[in-house]
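Protein chains in written order, with the working numbering: chain U, 1 to 335; chain B, 1 to 541.
It should be emphasised that the hints constitute simulated quantities derived from the structure, not laboratory data. Hints may be right or wrong, so weigh each one.
To be verified - Straight-line alpha carbon distances no greater than 25 Å define the calculated PhoX-like cross-link-like pairs of lysine-lysine that follow:
no.: 1; chain 1: U; residue 1: Lys229; chain 2: U; residue 2: Lys116
no.: 2; chain 1: B; residue 1: Lys223; chain 2: B; residue 2: Lys126
no.: 3; chain 1: B; residue 1: Lys315; chain 2: B; residue 2: Lys371
no.: 4; chain 1: B; residue 1: Lys535; chain 2: B; residue 2: Lys510
no.: 5; chain 1: U; residue 1: Lys293; chain 2: B; residue 2: Lys126
no.: 6; chain 1: B; residue 1: Lys437; chain 2: U; residue 2: Lys285
The chain contents come next:
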Amino acid sequence: MSFQPVKFYQTGTYTVGNRLLAPDARSVQAGELRSNSINSGHRACQGCGEALGARYAIDAAMAESNNQLIAVNATGCLEVFSTPYPESSWQVPWIHSLFGNAPAVATGVAAAMKVKGKNNVRVVAQGGDGGTTDIGFGCLSGMFERNDDVLYICYDNEAYMNTGVQRSSATPPTARTATTMPVGPEPGNVFGQGKNVPEIAMAHGIPYVATATVADLRDLEYKVRKAMKMHGARYIQIFVPCPLGWGSASHDTIRLARLAKETGMFPVFEAEHGEVTGVLKIRNKQPIEDYLKPQKRFAHLFGKHAHPEMVAHLQAIADRNIRKYGLLDEEKAHG
Amino acid sequence: MANKPFAITLKPGTSLANLTGSWRSSRPVYLNRLPPCNNACPAGENIQGWLFHAESGDYEQAWRVLVRDNPLPSVMGRVCYHPCETSCNRGQLDEAVGINSVERFLGDEAIKRGWKFDAPAASTGKKVLVVGAGPSGLSAAYHLARMGHQVEIQEAGPLAGGMMRFGIPKYRLPRDVLDAEVQRILDLGVTLKLNTKVENIEQSMQLGAFDAAFLAVGAHIGKRAMIPAGDASHIVDAVSVLRSMEGEDKPMLGRKVVVYGGGNTAIDVARTVKRMGGEPLIVYRRTRDRAPAHDFEIEEALQEGVMIKWLSTIKQAEAGEITVERMELDDKGFPQPTGEFEKLEADSVVLALGQDVDLSLLQGVPGLDVKDGVVQVTPDMMTGFPGIFAGGDMVPSERTVTVGVGHGKKAARNIDAWLRGITYVPEPKHEIATFDKLNPWYYSDADKTVRPMLDIIRRQTSFDEVQGGLDETNALFEARRCLSCGNCFECDNCYGVCPDNAVIKLGPGKGFEFNYDYCKGCGICEAECPCGSIKMVPEDI
Ligand SMILES: Cc1cc2nc3c(=O)[nH]c(=O)nc-3n(C[C@H](O)[C@H](O)[C@H](O)COP(=O)(O)OP(=O)(O)OC[C@H]3O[C@@H](n4cnc5c(N)ncnc54)[C@H](O)[C@@H]3O)c2cc1C
Ligand SMILES: Cc1ncc(C[n+]2csc(CCOP(=O)(O)OP(=O)(O)O)c2C)c(N)n1
Ligand code: SF4
Ligand code: SF4
Ligand SMILES: [Mg+2]
């Protein structure tokens, strides 16, 4: 079963902490002693979802591994904004090699630890959606197929942000990027399958696959901790809005992640050995417009030369996700 | 350089060297906003403040914060019309927080556990006369005593409480509750002189060498209506009926009792008649939605079997019967006669048409301004005569217990300042924490706890209290439904959601601080603060 929010009283476990919750029921992020894996002074944009998501995830992995953790990083914003030579924000042992080889490097690090008898040292690899779903995809699939003892975390901001917002195979249909301009009869990114890496990961039958967003911290921490309790190849894709690439307000980062989940656009679920074992239900279903409108990358769908048919198509995609993963409670689905 | 490994020329450093706070064009600041409940409370209670303590189960501290403003929580928890709940932000989410029921729980808990008020401040040597021991007078006496003044209450009646005792029936306010809360005020050292009617305020002040006076004599003279009546007809006024319920001789009204009026007093009389075995019929000239009585009171009366004849006026009263005329509302909503008459059985008619103030004690006092039968006061509750203040039902007001208590508090603060030769300047009000300032996503779904009601047979035949209270578990639950509007409740959200670690957690009870060296001003903390306790303000650039 997926993460069960404590549904009680004032805020339950929706907030980061809660003075009324027993300390062990609070999140890692609520703790004064969290490891702050990415420290202040990093050069991510104002309101960067990736910086936030990475701290959430790596702090949780640190907590679960007793701080015995090595992080491998693919090229991308996360690497560039955190580590301009010779400075680094990372407060964990951290290594960067290339854009496309993070899974392979992580496999190597895990093997090295094994050889050295350091079985308590755990390995996390991380990269952007471009690094994961496109250029690093071969290495990733190999890592899955060999069931190497690595947790791979993909920070999905739906494009190649670091080089100026180019389309990736995780870019949603209709979105404007530097390479999918809003021109012609079907402006923005094309409708098509893209690449659903969580499902492809599941198809490898690996022990654990999950999705999460920066809007549901408790769920995210639960999944990272659960993954860290397991061995073998594990994959978590975290939805991290990018104010710069999406043309959204810096203060809307969490709101947009929440809307992506609440509209059904980004299904939040977990799977073990290829089978879905839990989904994070939608609390208040929202129409897709609520998610699209605050983002300039979808601006061409509205206004003077609106494309209601494309909005309807996106809505259909969200609805299909809802059906497919059972994202609505029975009563809400019919009510 | 030569000793360094290949391609490494600089020592590794930390990003802390990079003060990203310089990117900022606006900065977040913590602030307290005024919760709408506090803003709506006529007694000026810090509701969010006392709920905060109740939420952690510290009921005594909650009660202490509550009684800083209102000494009568058990009474309030029964008779207050709780405008706080009407304006509670949670009402826009599911249902308002049951503030009134938690207040009653705290008040009852205080009585059960024998909690006493904090000791008064050092004596000021000043003497204040309070006229009338109703809620307004008691509240003023309480606040003045806590400020260190010597207070004497002179009360015309045989017992303290005013309309809380001689108006509001027992089934809504049991007298042991009232007695306990009055006694606690007297325990502060307040002198109460019963059966002492002040006939002339100036004389009484001189006699007792009082430095100031607070008048709260209420409004006790039942208004009459011109009803042509035969000699044998039995017409009485509501306030006298309710007052005599407190004495030995219960009122003799007969079986068929017609109550004339549509306010809360009419409802209380009718429900009282029902409990005495009579058959009450309320006659009111307008419609239910235009009646001044609260709808829930009308509903409770109907449940108990009180009959109501809407859109009717009494034209004539004779022995054993009355004649009513059917009315129609005109397009302005005023009732107009139709010329259609009807005769109804009536052993007696009780007039519940409102009350006037008996101002005889003020005769000869220079400078007083009386308008529409009530004494005019300045915003600091002083009458036209320096040193004489007034509040409650005798001044322009909504005429509720809570307004009376609020007047008492406000007057006490101004009397205190006046006695010290200064002016009382209230603290500036914070901006209101309106619903749009909140992020309601974070509040989990939790329905309001409903207070138990006495079963209907006992409601119709006894004066037992109708509405029950909460117990400890559901009072805690109810308190925790509070959204803490505008005031940090340490949910750690800001600390968690900052992508730049620019929020410093200071530890339990101490809140948070921003680290402006690294805060980039993205505004996520403000957007994700559930309770609206953070505000972005532009930087001077
Ligand atoms: C039937 C009824 C039901 C009500 N129900 C509610 C309710 O549920 N909730 C609510 O909020 N409000 C209710 N009210 C209104 C509320 O009771 C009054 O607004 C409130 O009691 C006014 O307080 P007060 O202190 O101004 O005056 P009062 O409560 O009227 O007290 C005045 C006191 O002054 C004394 N006094 C008068 N003249 C003199 C004198 N010359 N010398 C010495 N003492 C004197 C009186 O004996 C009395 O004790 C109700 C009123 C009535 C009549
Ligand atoms: C082999 C190779 N090709 C291209 C690049 C240039 N490059 C650096 S980061 C990046 C985009 C990264 O996108 P993504 O992985 O989605 O991460 P994001 O920046 O969006 O977080 C690219 C194309 C590179 N470093 N190496
Ligand atoms: S471009 Fe996007 S992902 Fe990169 S630092 Fe800025 S907000 Fe973060
Ligand atoms: S939620 Fe709490 S603070 Fe807000 S209005 Fe209601 S009682 Fe007051
Ligand atoms: Mg990307």
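Structure-based check of each hint:
1. U:Lys229 to U:Lys116: holds, 21 Å
2. B:Lys223 to B:Lys126: Violated - the C-alpha atoms of Lys126 (chain B) and Lys223 (chain B) are around 38 Å apart, more than 25 Å.
3. B:Lys315 to B:Lys371: violated, 30 Å
4. B:Lys535 to B:Lys510: Status holds; Cα separation ~19 Å.
5. U:Lys293 to B:Lys126: violated, 66 Å
6. B:Lys437 to U:Lys285: holds, 22 Å
The earlier numbered hints that this structure contradicts are 2, 3, 5.
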